[in-house]
Amino acid sequence: MEDYNRRFAKIPFSDKDVHRPLTEHDVVDDAFAWKEERTVSQSLTLQYDKMLFILEPNEVTSTLARQVFDYPDGRLVIKHRGRALPYRTFDKVRQVDQAAIVENKRLGPVLAYIAEQQQLRDEGRSKKAPRRRGQGKDLFRVG
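If you read the sequence shown in this note's numbering, its first letter stands for residue 96, the second for the next number, and so on.
Rather than coming from a laboratory, the hints here were simulated on the basis of the structure.
There may be inaccurate statements among the hints.
Said to hold, decoys possible - In silico EDC-like links for lysine to aspartate or glutamate, alpha-carbon gap of 20 Å or less:
(1) K174 to E151
(2) K174 to E97
(3) K145 to E132
(4) K130 to E97
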């Protein structure tokens, strides 16, 4: 980084800081978020990046237009007219965790087959959504 700054840095014309201070109404967080418009079904669900979001029923969720805010730090927020909506998730790309299931002599071969099938199919996240490198896997947890 120091080498890059040494080669490409420009010296300012003035040492005076002319940046305007942010006001309490400025929401810089939303400026860097990836925004996707989604339509809500009659059952108050919407889909984004192979995930099913189940909205909590309230007076705001009766209208249909929603916006999904995908922040660079990995947070997902569903908003309608600037108000965040509560939701639950259902992940369509879940994997079977054999360690979480109790040992069973009949269940073992079935779980091995399921694990093999999961390796064969390409069930990744959408290629159109922003990349989430370096973020924890707990973002797309069920619950």
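Are the Cα atoms of K145 and E132 separated by 20 Å or less? At roughly 15 Å apart (the allowed maximum being 20 Å), E132 and K145 satisfy the hint.
So if I understand the rule, the pair passes when the alpha-carbon distance is 20 Å or less; does K174 with E151 pass? Holds, at roughly 13 Å.
Are the Cα atoms of K174 and E97 separated by 20 Å or less? violated, 40 Å
Given the hinted pair K130 and E97, is their alpha-carbon gap at most 20 Å? Distance of about 34 Å is beyond 20 Å: violated.
In the structure shown, a violation is registered for the earlier hints numbered 2, 4, in ascending order.
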